[in-house]
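Protein chains: 2
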Amino acid sequence: MDDQLSPTTRSTVRRGRKRAQTDRHQLYDLLDSCLICHLGIVLDGAPVVLPTGYGRDGDTLYVHGSTGSASLAAATAGAPVSVAVTRVDGIVYARSVFHHSMNYSSAVVHGTATAVTDPAVKLHGLRVLTEHIVPGSWEHTRQPNRKELAATHVLALSLREASVKLRSGPPNDEDDDVAGHREWAGVLPLHQVWGTPEPCPLLPAGRAVPPRIAERPVLGARPDPEMVR
Amino acid sequence: MDDQLSPTTRSTVRRGRKRAQTDRHQLYDLLDSCLICHLGIVLDGAPVVLPTGYGRDGDTLYVHGSTGSASLAAATAGAPVSVAVTRVDGIVYARSVFHHSMNYSSAVVHGTATAVTDPAVKLHGLRVLTEHIVPGSWEHTRQPNRKELAATHVLALSLREASVKLRSGPPNDEDDDVAGHREWAGVLPLHQVWGTPEPCPLLPAGRAVPPRIAERPVLGARPDPEMVR
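Residue numbers (the working numbering), protein chains in the order written: chain V, 1 to 229; chain Y, 1001 to 1229.
Chain V with its partners taken away, still in its complex shape (with noise of 0.2 Å):
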């Protein structure tokens, strides 16, 4: 695929062209460094926004849900989507109320999901997805029999139109803002960090927490460790 974003009106950035990017790593780091995104389907003419799980393979994004959810069945039956995934790196304090702003990285994707049926596919999705929402766990644990394929939706869309937003860096006063303004002004960094594995209350005493768990890197830019309070 193509390695510029945004082909299409939809998914063109008008609003803050300067915070669009058109490098199609962009959308791939934003994506491999978030958990969840949330998805947008037209049900009985109204919109309905969820939040799920997703996982990437190259320019398929992989969502999934159970079989009872009337949105999932709604894009499965080909209605168009929308999936979002926004990540908050800070708070942008500002000399005005106007120009205060957050630091993010943000995608828009727009297609149409297909309903993945076939069984070797959808396995391939579900490693996906489980890849990314919980590296190791596919090889470590027990992987999906049929019942449970069977109860579990998964739906590909197609990266192909996107568009990314990216904010960084200090605010942007108004000169008179900057020359009169008598407090601090900059950017308070918002972090995630994963704090300590809490064990299941069945698991025997003493089992010890494997590395792609205690070990597990933060998600998006790793913050230094002095800098975190």
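Please note that the accuracy of each hint is not assured.
If you anchor each label on the Cβ, the simulated ranges turn out as follows [stated by the list, open to error]:
(1) V:T114 <-> Y:T1112: 30 to 38 Å
(2) Y:D1057 <-> V:P119: 46 to 54 Å
(3) V:R212 <-> Y:A1151: 47 to 55 Å
If you are wondering where the hints come from, they were derived from the structure by calculation, not from laboratory data. Since the structure is predicted, the reported quantities are computational estimates derived from the model, not experimental observations. Even glycine gets a Cβ: it sits at the ideal position worked out from N, Cα and C.
Since the structure of chain V is already known, use the hints to place chain Y on it.
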């Protein structure tokens, strides 16, 4: 407003009923602990999902954006919207791929947003938004002038039609898997923490970071300092 959530078919949780919450204060707690929402709207028959900041005043959600945004323009014209707010609290490592999950709190609000045009109400909405995303900044930075107000859309959405879902606790594994599994299972908590404030390069040297920023409380459940790695 009634303290109970879910008065309509659309906002009644069908999937995962045991995760559905019926106390309105669960909705408030979630909204007060997150920064952004995902706003869904229908444009030309297709859904569009966009991330944006919000603020809450009682049972009114305020959302804002640039007057150039097509989605916001559609919402202000009385189109139905869906707003989702999601906080991921941890990853649930189960003994089977199928029972892997996330601990989370999520809300989905349905309704028709109204454009806030009355100048006093618009200022109030922006103040609510500002106090939510950057507490203290309304008082301590320059408030919006007429031009800035005109360049900003403020939408108000009632929280009447809303659903909340929440998952917490250890994995819900099959008995056979609990008996037969030989690896660790449990929850890896995910926390959001503030980094060290980064001063604007245009700031005179030595200007102190005010306590409202330097000591800003963490979002969501406060992690035990001993429990964050």
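These are the hints, each one checked on the structure:
Restraint check, T114 of chain V to T1112 of chain Y: a C-beta distance of roughly 31 Å satisfies the suggested window 30 to 38 Å. About 51 Å separates the C-beta atoms of D1057 of chain Y and P119 of chain V, a value consistent with the hinted range of 46 to 54 Å. Our hint of 47 to 55 Å for R212 of chain V and A1151 of chain Y holds, since their Cβ atoms are close to 48 Å apart.
Taken one by one, the earlier hints all hold for this structure without exception.
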